[in-house]
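2 protein chains.
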Amino acid sequence: MRPVAIGIDIGGTNTKFGIADAHGHILASDSISSREHENPEDFVGAVHEAVAGLIKEVAEPLELVGIGVGAPNANYFKGTIEFAPNLRWRGVIPLAELFRKFYDLPVVVTNDANAAAIGEMIYGGAKGMRDFVIITLGTGVGSGFVANGQLIYGHDGFAGEFGHVTAVRGGRMCTCGRKGCVETYASARGVVLTVHELLTGTQQDSRLKHILPEDMTPKDVYQAAEAGDSIAREAFEYTGKILGESLSDMVAITSPEAIFFFGGVARAGDWILEPTQRHMEANLLSIFRNKVKFIPSKLPESDAAILGACSLVWKELGH
Amino acid sequence: MRPVAIGIDIGGTNTKFGIADAHGHILASDSISSREHENPEDFVGAVHEAVAGLIKEVAEPLELVGIGVGAPNANYFKGTIEFAPNLRWRGVIPLAELFRKFYDLPVVVTNDANAAAIGEMIYGGAKGMRDFVIITLGTGVGSGFVANGQLIYGHDGFAGEFGHVTAVRGGRMCTCGRKGCVETYASARGVVLTVHELLTGTQQDSRLKHILPEDMTPKDVYQAAEAGDSIAREAFEYTGKILGESLSDMVAITSPEAIFFFGGVARAGDWILEPTQRHMEANLLSIFRNKVKFIPSKLPESDAAILGACSLVWKELGH
Numbered sequence: 000m001r002p003v004a005i006g007i008d009i010g011g012t013n014t015k016f017g018i019a020d021a022h023g024h025i026l027a028s029d030s031i032s033s034r035e036h037e038n039p040e041d042f043v044g045a046v047h048e049a050v051a052g053l054i055k056e057v058a059e060p061l062e063l064v065g066i067g068v069g070a071p072n073a074n075y076f077k078g079t080i081e082f083a084p085n086l087r088w089r090g091v092i093p094l095a096e097l098f099r100k101f102y103d104l105p106v107v108v109t110n111d112a113n114a115a116a117i118g119e120m121i122y123g124g125a126k127g128m129r130d131f132v133i134i135t136l137g138t139g140v141g142s143g144f145v146a147n148g149q150l151i152y153g154h155d156g157f158a159g160e161f162g163h164v165t166a167v168r169g170g171r172m173c174t175c176g177r178k179g180c181v182e183t184y185a186s187a188r189g190v191v192l193t194v195h196e197l198l199t200g201t202q203q204d205s206r207l208k209h210i211l212p213e214d215m216t217p218k219d220v221y222q223a224a225e226a227g228d229s230i231a232r233e234a235f236e237y238t239g240k241i242l243g244e245s246l247s248d249m250v251a252i253t254s255p256e257a258i259f260f261f262g263g264v265a266r267a268g269d270w271i272l273e274p275t276q277r278h279m280e281a282n283l284l285s286i287f288r289n290k291v292k293f294i295p296s297k298l299p300e301s302d303a304a305i306l307g308a309c310s311l312v313w314k315e316l317g318h
Numbered sequence: 000m001r002p003v004a005i006g007i008d009i010g011g012t013n014t015k016f017g018i019a020d021a022h023g024h025i026l027a028s029d030s031i032s033s034r035e036h037e038n039p040e041d042f043v044g045a046v047h048e049a050v051a052g053l054i055k056e057v058a059e060p061l062e063l064v065g066i067g068v069g070a071p072n073a074n075y076f077k078g079t080i081e082f083a084p085n086l087r088w089r090g091v092i093p094l095a096e097l098f099r100k101f102y103d104l105p106v107v108v109t110n111d112a113n114a115a116a117i118g119e120m121i122y123g124g125a126k127g128m129r130d131f132v133i134i135t136l137g138t139g140v141g142s143g144f145v146a147n148g149q150l151i152y153g154h155d156g157f158a159g160e161f162g163h164v165t166a167v168r169g170g171r172m173c174t175c176g177r178k179g180c181v182e183t184y185a186s187a188r189g190v191v192l193t194v195h196e197l198l199t200g201t202q203q204d205s206r207l208k209h210i211l212p213e214d215m216t217p218k219d220v221y222q223a224a225e226a227g228d229s230i231a232r233e234a235f236e237y238t239g240k241i242l243g244e245s246l247s248d249m250v251a252i253t254s255p256e257a258i259f260f261f262g263g264v265a266r267a268g269d270w271i272l273e274p275t276q277r278h279m280e281a282n283l284l285s286i287f288r289n290k291v292k293f294i295p296s297k298l299p300e301s302d303a304a305i306l307g308a309c310s311l312v313w314k315e316l317g318h
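In order, the protein sequence lines correspond to chains A and B. Heads up, the final residue of the first sequence is numbered 318 in this note's numbering, and it's a clean run with no missing numbers. Heads up, the final residue of the second sequence is numbered 318 in this note's numbering, and it's a clean run with no missing numbers.
Next comes chain A alone, as it looks inside the complex (with noise of 0.2 Å):
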């Protein structure tokens, strides 16, 4: 019998989900609505009845040997998700009990980013080393800080919100309240944002000119970048700067030996990732200068969800 870890990813509108083994070969893989049921319970009982569905396509015998659930705000260490405002379910939804309903598994919950960078220490670019740091830029800024090996999760189960470090004191309007997060500049809708912000304040052309706001990806920054738009150019050189001091300040605490970068506004490449290094570079601590590597995720983009949750099971439960 094949041990297999069970993987689910919850996101804001879909929920991925799959069996990979050990080595990260995903079996078999479906995902379901996130939206579509009022009730946690009868979302779980979804995702099982169709996890059921691709234990029976696998046509071989397989050793379940846990759940692994990456999710927004998610707390590790009561498996539960807990006020997340981009879910239809409200308080606190007690996810990993939900699901020990179903499986006599072990469940382990943790919050997306965290999951992204546990797969990338068992997966992914990260194998071996002890000392990282996982940075996601996509809907939002997430981050998971490995140190020692071990995931910071906290007293509570939710460190690692980089994303609302702030940035700019008195800055841009996050969605948590605060100001100036790094989340307002370094999300997809902060790309865009500063995208518009430059067009507002010049007469220069710019093919992003064409593009409502509201539409505007940063795929389409990236293709601008690409095509020689200086708007674009600029946008990302300012996204880098915000990006790359704020990271700067993390080093000078966790000293990663690298930091892994994954989602939307990374895949635009050294457009973002060369001048945020070059910031964070120019404001650092001479101790830590050149030594922290800038990597981009190594998992497979469209498995990278599923394999960080499954990576859960092995990591945490020491398979």
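Just so you know, these hints were derived from the structure itself, not from any lab. For clarity, every value in this text was computed on a predicted model and none was experimentally measured. Some clues are possibly wrong.
Since the list gives no way to pick out one identical chain from another, each pair is judged satisfied if it fits inside one copy or across any two copies.
In silico DSS-like pairs for lysine-lysine, Cα to Cα no more than 27 Å straight-line [stated by the list, open to error]:
id : residue 1 : residue 2
1  : Lys290    : Lys77
2  : Lys178    : Lys292
3  : Lys290    : Lys178
4  : Lys178    : Lys240
5  : Lys292    : Lys126
6  : Lys208    : Lys218
7  : Lys126    : Lys218
8  : Lys314    : Lys240
9  : Lys208    : Lys100
10 : Lys240    : Lys218
11 : Lys218    : Lys178
Use these hints to put chain B onto chain A, whose structure you have.
Frame of chain A; chain B shown alone:
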């Protein structure tokens, strides 16, 4: 035979050392100048000789289990002191190696703030805590971050430089060559500089006007605050604002159960801790609010350095 550790704290001016057991009882202690010996070899020889005297002094048979050394710019992994601006020895000093010429014992070297963190965990107020931070507010600002019960050393042994997190972009010039570091505001010199700036900008009377800035200490500012001096109180309020805002970013990353404060500035008690906590709370992401304890260090001031160094032996060598 009583098992004991030798603890050595190398400061810019003096080096303190002592012999303590696992319960934190110091059996004997002494100090020598850190500046008298041109070569680090001679210095280590002098420490060895003085410690031999202490061992004789103790009227019972001792089992020496290891040597712990706290020193500025110390590297835990390499056992070195590297480019310490406050010591007279230049370059990289192989400190652990030098001690092992005299002792057939394990030697653990780390920076003084990390030693203080372990001291707090083994002997002080952080007993049983797995996630906490210690901030030392003295000549400089140092820090030790503990996550999952382990000190965060980082991949290179230099982690935990909270004093060089940028509190104010483009702010006060720091001795590290960068601008706006926490240390330039929250160190002893930083507090005095704030008083000086406040005095320069006001006609208001203050008893601090009669002390030359180069003679002023945080103790003077504390005493003035106690006596109702509004400039002194404003200086602590301002220091607490800068420090609290920067701490809120650290909490977002490591989510500690408690923050311990140590050193000359922290001795001002609530005059500095109350505004620091208030500004930290005001800047925290909601999930972290009203959770983080603020605790003055529980280590006895006079013995803290030696106990911190000794605790390295018990913690890191697994005794």
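Subject >> Within, between, both or neither: Lys290, Lys178 at alpha-carbon 27 Å >> reply: Close across copies (21 Å), not inside one copy (31 Å); limit 27 Å.
Original post:
How would you classify Lys290 and Lys77 at a CA-CA limit of 27 Å: within, between, both, or neither?
Top reply: For Lys290 and Lys77, only the inter-copy Cα distance (16 Å) is at most 27 Å; the intra-copy one is 36 Å.
Subject >> Intra- versus inter-copy proximity for Lys292 and Lys178 (alpha-carbon distance at most 27 Å) >> reply: between (30 Å within a copy, 24 Å between copies)
**OP:** Using 27 Å as the alpha carbon limit, work out where Lys126 and Lys218 are close: within a copy, between copies, both or neither.
**Re:** neither (29 Å within a copy, 50 Å between copies)
Original post:
Under a CA distance limit of 27 Å, which applies to Lys208 and Lys218: within one copy, between copies, both, or neither?
Top reply: Answer is within; shortest intra-copy Cα gap is 15 Å, inter-copy 59 Å.
Subject >> Status of Lys240 relative to Lys178 across identical chains (alpha carbons, at most 27 Å) >> reply: Intra 18 Å, inter 16 Å, cutoff 27 Å: intra and inter.
Subject >> Homomeric proximity label, Lys240 with Lys218: Cα distance no greater than 27 Å >> reply: within (19 Å within a copy, 40 Å between copies)
**OP:** State whether the alpha carbon distance between Lys218 and Lys178 is at most 27 Å within one copy, between copies, both, or neither.
**Re:** within (26 Å within a copy, 35 Å between copies)
Original post:
Is it within, between, both, or neither for Lys208 and Lys100, if the alpha carbons may be no more than 27 Å apart?
Top reply: This pair counts as neither: shortest intra-copy Cα distance 53 Å, inter-copy 70 Å.
Original post:
Between copies, within a copy, both or neither: which fits Lys292 and Lys126 at Cα up to 27 Å?
Top reply: within (14 Å within a copy, 35 Å between copies)
Original post:
Between the shortest in-copy and the shortest cross-copy C-alpha distance, which are at most 27 Å for Lys314 and Lys240: within, between, both, or neither?
Top reply: neither (34 Å within a copy, 40 Å between copies)
When each numbered hint is compared with the structure, violations occur for hints 7, 8, 9.
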